[in-house]
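Q: Single-letter residue listing:
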Amino acid sequence: MPGLNESKSNKETIWTILLTFFKVGAFTFGGGYAILPVVQQEVVEKRKWVSQTAFSDILIITQGMPGQLALNSAIQIGIRLRGTAGGIAAAVGVTAPSVIILLIIAAWLYPLIHDNIYFQAAFFGIRPAVVALIAYAGIKMGRDILDDRNSIILSIALLVVAIITQLHPILVLVSGGLVGLLLSRRNNNYD
Amino acid sequence: MIDLLLTLYFSFLKVGLFTIGGGYAMIPLMEAEVINVNRWLGPAEFLDVIAIAEMTPGPVSINAATFIGYKLAGVAGSLVASLGVITPSLILLLLLSRILFKLIQKPGSEKFLKGVRSAMVALILLAAYSLGLSAVIDLASAFIFVVILIASLVYRISPIFYIAIGAIMGLLLFPY
Numbered sequence: 004m005p006g007l008n009e010s011k012s013n014k015e016t017i018w019t020i021l022l023t024f025f026k027v028g029a030f031t032f033g034g035g036y037a038i039l040p041v042v043q044q045e046v047v048e049k050r051k052w053v054s055q056t057a058f059s060d061i062l063i064i065t066q067g068m069p070g071q072l073a074l075n076s077a078i079q080i081g082i083r084l085r086g087t088a089g090g091i092a093a094a095v096g097v098t099a100p101s102v103i104i105l106l107i108i109a110a111w112l113y114p115l116i117h118d119n120i121y122f123q124a125a126f127f128g129i130r131p132a133v134v135a136l137i138a139y140a141g142i143k144m145g146r147d148i149l150d151d152r153n154s155i156i157l158s159i160a161l162l163v164v165a166i167i168t169q170l171h172p173i174l175v176l177v178s179g180g181l182v183g184l185l186l187s188r189r190n191n192n193y194d
Numbered sequence: 025m026i027d028l029l030l031t032l033y034f035s036f037l038k039v040g041l042f043t044i045g046g047g048y049a050m051i052p053l054m055e056a057e058v059i060n061v062n063r064w065l066g067p068a069e070f071l072d073v074i075a076i077a078e079m080t081p082g083p084v085s086i087n088a089a090t091f092i093g094y095k096l097a098g099v100a101g102s103l104v105a106s107l108g109v110i111t112p113s114l115i116l117l118l119l120l121s122r123i124l125f126k127l128i129q130k131p132g133s134e135k136f137l138k139g140v141r142s143a144m145v146a147l148i149l150l151a152a153y154s155l156g157l158s159a160v161i162d163l164a165s166a167f168i169f170v171v172i173l174i175a176s177l178v179y180r181i182s183p184i185f186y187i188a189i190g191a192i193m194g195l196l197l198f199p200y
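In the order they appear, the protein sequences are chains R and X. Counting from 4, one number per residue, gives the positions in the first sequence under our numbering. Counting from 25, one number per residue, gives the positions in the second sequence under our numbering.
Simulated from the structure, these hints should not be mistaken for laboratory data. All values derive from a computational prediction rather than experimental measurement. Hints may be right or wrong, so weigh each one.
[To be verified] The calculated SDA-like cross-link candidates involving lysine to any residue, where the alpha carbons are at most 20 Å apart (straight line), are: (1) Lys143(R) to Tyr153(X); (2) Lys126(X) to Gln66(R); (3) Lys143(R) to Ile174(X); (4) Lys135(X) to Leu185(R); (5) Lys135(X) to Arg188(R); (6) Lys135(X) to Asn153(R).
[Claimed, not checked] Listed next, the stretches of chain X that the computed footprint assigns to chain R, with coverage defined by at least 3 CB atoms under 8 Å from CB atoms of chain R: (7) 30-37; (8) 112-126; (9) 142-148.
Note that beta-carbon positions come from the ideal geometry of N, C-alpha and C, so glycine has one too.
The task is simple: from the sequences and hints, build the whole structure.
A: Here it is in structure tokens:
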């Protein structure tokens with residue numbers, strides 16, 4: 004894609020890119036789609052690094068590839084501003100707050116309160132709550148994705164296969180993708 | 025030590041490479057690598073890590089990778105694990121972007137992704153079930169699960185709020 008690395012905003016320093024995405028990483032909670040509006044506000048509206056159209060293109064690639072949504076969009080914006088160095092700066096920026104904060108919790112806070120009875124009691128309630136949130140994520144994704152008969156049958160079939168064979172999730176995902184491809188080929192032949 | 029760091033790196037690289045759909049899509053992958061393949065954590069402890077990762081700022085899987093990496097191999101472990109999660113995104117966007125853009129534009133890729141996402145729905149629901157076995161263990165925890173699930177289906181509020189509700193209900197209902 005020619006011209007991708009060239010931009011009007013070449014004056015943005017690596018440092019600004021890093022700090023901007025550090026802020027995004029440090030002040031967004033929950034991950035996933037919750038972070039994208041924050042990225043948009045920061046890079047489209049506030050800093051005007053990319054246009055709304057360019058940001059939409061970035062989102063299409065972000066959602067069509069594996070990995071964290073915030074990270075994928077940050078790297079692409081970094082690349083548009085300052086090439087490879089910009090991409091790496093954006094990735095480091097968005098990741099660094101997580102690493103710093105979680106290191107503090109894992110090394111200091113968690114061992115300190117882990118054996119406390121009230122901490123145990125709180126997590127007795129937090130665990131089923133997290134399971135409920137995971138179940139909700141599955142239900143919501145199912146509502147969004149499973150919009151035709153083929154995908155519903157595929158999902159149920161893979162659920163049964165995964166339960167019986169204890170296959171690694173990666174193999175289940177790849178099988179799903181391949182069946183999806185095959186089904187579309189067959190449907191096209193009948194069109 | 026080097027062996028452990030390499031295993032950590034590649035386990036979390038797999039998580040990063042096959043998280044498709046964002047958010048909780050990483051749960052079944054991380055569960056498989058951390059609990060089933062490497063036996064680094066038990067399911068209850070894994071849920072604790074996910075809760076902590078959800079309550080702290082930043083992407084949940086990078087948070088969880090940092091915590092688990094630290095627990096297994098200290099600061100080096102936490103850096104290696106979080107680097108593993110972000111490696112696939114960096115390689116795909118910095119080195120293979122031309123191939124990636126071409127692939128995404130191919131008509132088949134949408135069909136492929138739809139199949140992958142259909143599989144992901146099954147995997148996330150299965151993860152909820154298998155992790156649920158260690159969390160929903162009595163009447164009180166079952167009650168908390170049902171309340172939070174119904175509430176999240178009805179009200180769109182931040183997950184942190186629901187985790188806080190879970191904590192309060194836990195403090196009230198825990199069999200001290």
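Q: According to a criterion of three or more residues whose C-beta lies within less than 8 Å of a C-beta of chain R, is the region 112-126 of chain X covered?
A: holds (count 10)
Q: Just to be careful, I want the Cα atoms of Lys135(X) and Asn153(R) compared with a cutoff of 20 Å; is the pair within it?
A: Holds, at roughly 11 Å.
Q: Tell me if the straight-line CA distance from Lys135(X) to Arg188(R) falls inside 20 Å.
A: Distance of about 9 Å is within 20 Å: holds.
Q: Quickly compare the C-alpha distance for Lys126(X) and Gln66(R) to 20 Å and report which way the hint goes.
A: holds, 15 Å
Q: Using a Cβ cutoff of 8 Å, are there at least 3 residues of the region 30-37 of chain X near chain R, or does the coverage claim fail?
A: violated (count 0)
Q: For the region 142-148 of chain X, do three or more residues have a beta carbon lying closer than 8 Å to a beta carbon of chain R?
A: holds (count 7)
Q: Compare the distance between the alpha carbons of Lys143(R) and Ile174(X) with 20 Å, and conclude whether the hinted pair is satisfied.
A: holds, 12 Å
Q: Does Leu185(R) sit within 20 Å of Lys135(X), going by the straight-line distance between their CA atoms?
A: holds, 9 Å
Q: Does Tyr153(X) sit within 20 Å of Lys143(R), going by the straight-line distance between their CA atoms?
A: It holds: about 16 Å lies between the C-alpha atoms, which stays within 20 Å.
In this structure, only the earlier hint numbered 7 is contradicted, and the remaining ones agree with it.
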